[in-house]
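Single-letter residue listing:
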Amino acid sequence: MKPASFDYLRPATVADALAALAAGGDDARVIAGGQSLMPMLNMRLVQPRLLIDLSRLEELRSLRTEAGWLTVGAAVTQAEVLARPALAREVPLLAAALPWVGHFQTRNRGTLCGSVAHADPSAETPLCLVASGGEVVLRNAKRRRTVAAADFFLGPLTTVKAADEIVECVRFPLAKPGSGHAFREMSMRHGDFAITACAATVDGHSASLAVGGVADRPTLRSWPLVSGGLPPDLDEALNAFAWDLGGDDDQHATARYRRDLVRRIGRTVLEEALSCRR
Amino acid sequence: MPPLTSQASPPVLAAETRHAVSIVLNGTPRSGHAHPRLLLSDFLRHELGAHGTRVGCEHGVCGACTVRIDGVAVRACLTLAVQADGRRIDTVEGLAAANGGRMTALQEAFRRHHALQCGFCTAGILMSLTDYLGRTPKPTEEELRDMLSGHLCRCTGYAGIVRAVMEVTGQTMKEGGHV
Numbered sequence: 001m002k003p004a005s006f007d008y009l010r011p012a013t014v015a016d017a018l019a020a021l022a023a024g025g026d027d028a029r030v031i032a033g034g035q036s037l038m039p040m041l042n043m044r045l046v047q048p049r050l051l052i053d054l055s056r057l058e059e060l061r062s063l064r065t066e067a068g069w070l071t072v073g074a075a076v077t078q079a080e081v082l083a084r085p086a087l088a089r090e091v092p093l094l095a096a097a098l099p100w101v102g103h104f105q106t107r108n109r110g111t112l113c114g115s116v117a118h119a120d121p122s123a124e125t126p127l128c129l130v131a132s133g134g135e136v137v138l139r140n141a142k143r144r145r146t147v148a149a150a151d152f153f154l155g156p157l158t159t160v161k162a163a164d165e166i167v168e169c170v171r172f173p174l175a176k177p178g179s180g181h182a183f184r185e186m187s188m189r190h191g192d193f194a195i196t197a198c199a200a201t202v203d204g205h206s207a208s209l210a211v212g213g214v215a216d217r218p219t220l221r222s223w224p225l226v227s228g229g230l231p232p233d234l235d236e237a238l239n240a241f242a243w244d245l246g247g248d249d250d251q252h253a254t255a256r257y258r259r260d261l262v263r264r265i266g267r268t269v270l271e272e273a274l275s276c277r278r
Numbered sequence: 001m002p003p004l005t006s007q008a009s010p011p012v013l014a015a016e017t018r019h020a021v022s023i024v025l026n027g028t029p030r031s032g033h034a035h036p037r038l039l040l041s042d043f044l045r046h047e048l049g050a051h052g053t054r055v056g057c058e059h060g061v062c063g064a065c066t067v068r069i070d071g072v073a074v075r076a077c078l079t080l081a082v083q084a085d086g087r088r089i090d091t092v093e094g095l096a097a098a099n100g101g102r103m104t105a106l107q108e109a110f111r112r113h114h115a116l117q118c119g120f121c122t123a124g125i126l127m128s129l130t131d132y133l134g135r136t137p138k139p140t141e142e143e144l145r146d147m148l149s150g151h152l153c154r155c156t157g158y159a160g161i162v163r164a165v166m167e168v169t170g171q172t173m174k175e176g177g178h179v
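Protein chains in written order, with the UniProt record's numbering: chain F, 1 to 278; chain P, 1 to 179.
Bound-form chain F, shown alone:
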């Protein structure tokens, strides 16, 4: 299918992009990798009057560690992050999850920030950002603000980002010594959106599990470790978490199946995270 008509701007600077976005109002959209937005344009689920292309802005190509964070700019592709040699040491959860994001061919163009801005409840990147306590840096023509990932997502395809803001970068905290991380998901085909995705983090004091694909946004829960191990009543705790997440039947799976995946994959990733602590 083909997109409806729109004007197209490839600005020379971020300031120009933000000025055009502010002037365009709700009818303007930004595009970077386009791997979420282009399908929606092709199916005419969105019909902006102005498309602002961020993909060639050098200012948004920053991929660096600084003061305990890995910062990923809006024009950095998923493939570029995955190819970072130190990624498995810096943000091991992201290194584990990124191969599950789409396919080789879409990761070559898709961006981390675009996936976060798109806010699909079953997408891996928002889940990792919430699981690791990351941040989203938003910018409009006048100011810049930083939002904790846990506060950024409001629901399916819905975030606190205003129409005149872009996701300038996302920031993942660097993994702390002694922490362990694991990621697994169930999908119809590797690379498809997850039916249920689980990301676990274990440090010296607590075990955390973030779940995507069940509730309307990635959701995190933590439990204190008991004698250095997972809580003895973990099965009950996971069961309660699964019920609290809600979830509905849809064409891919029943809510009951999703709860079962939370119990089973949740336990698996927590055990993996505990056993791979460094």
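These are calculated hints, taken from the structure and not from any lab test.
Quantities reported herein were computed from a predicted structural model and do not represent experimental measurements.
Here a beta-carbon is modelled for each residue, glycine too, at the ideal position from N, C-alpha and C.
Honestly, I wouldn't trust all of these hints.
[To be verified] Okay, derived cross-link-like pairs now, SDA-like style, lysine to any residue, Cα gap no bigger than 20 Å in a straight line:
no., chain 1, residue 1, chain 2, residue 2
1, F, Lys2, P, Thr17
2, P, Lys138, P, Gln171
3, F, Lys2, P, Glu16
4, F, Lys2, P, Arg45
[Stated by the list, open to error] Which chain P residues stay away from chain F? Per the calculated CB distances, all over 10 Å, these:
no., residue
5, Thr28
6, Thr79
7, Glu141
8, Gly157
9, Ala159
10, Val162
Model the placement of chain P on the given structure of chain F, informed by the hints.
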């Protein structure tokens, strides 16, 4: 507040106007015109007459339209023609052209192992593999299958594709191994 720009932004490309788009297609500079909404896949086929690139689902799932932009395998149906302006685009037509007019070793292996059935998905798969094997010269079967998961072959002709790639990368399949 006037924007503080060091260089002037290009003008907005109006929706109803066809704009000049220049690319280097398989090593040859080519140009045509495109409305902003025109997909790169349609630009290649209808504006430049390069019909080797196939159009399947048009929402990024099937992989039939995969081309290389600046060497990197991407979906042509999820890229606008105007976004490709100034870029190097390689399509299936360019494989043999860059090999002295003869099929590449990968294409020959596809032929030997009949790594296709109807052939509709083949162009995209060849373009993905051209990028992928450049980065991963000896993929394991598992890695190869993971990469191929970005392509749908509705004839389910994957077994021959895996055999062809394992051969062309100098690897032998396990005897009686599952393909």
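Hints and how they fare:
1. F/Lys2 <-> P/Thr17: holds, 17 Å
2. P/Lys138 <-> P/Gln171: holds, 8 Å
3. F/Lys2 <-> P/Glu16: With Cα atoms ~15 Å apart, F/Lys2 and P/Glu16 stay inside 20 Å; holds.
4. F/Lys2 <-> P/Arg45: holds, 15 Å
5. Thr28: holds, 23 Å
6. Thr79: violated, 7 Å
7. Glu141: Non-interface label stands for P/Glu141: nearest chain F Cβ at 14 Å, farther than 10 Å.
8. Gly157: holds, 17 Å
9. Ala159: Holds, because the least Cβ-Cβ distance between P/Ala159 and chain F comes to about 17 Å, which exceeds 10 Å.
10. Val162: holds, 15 Å
This entry does not satisfy hint 6, going by the numbered hints stated previously; all others are met.
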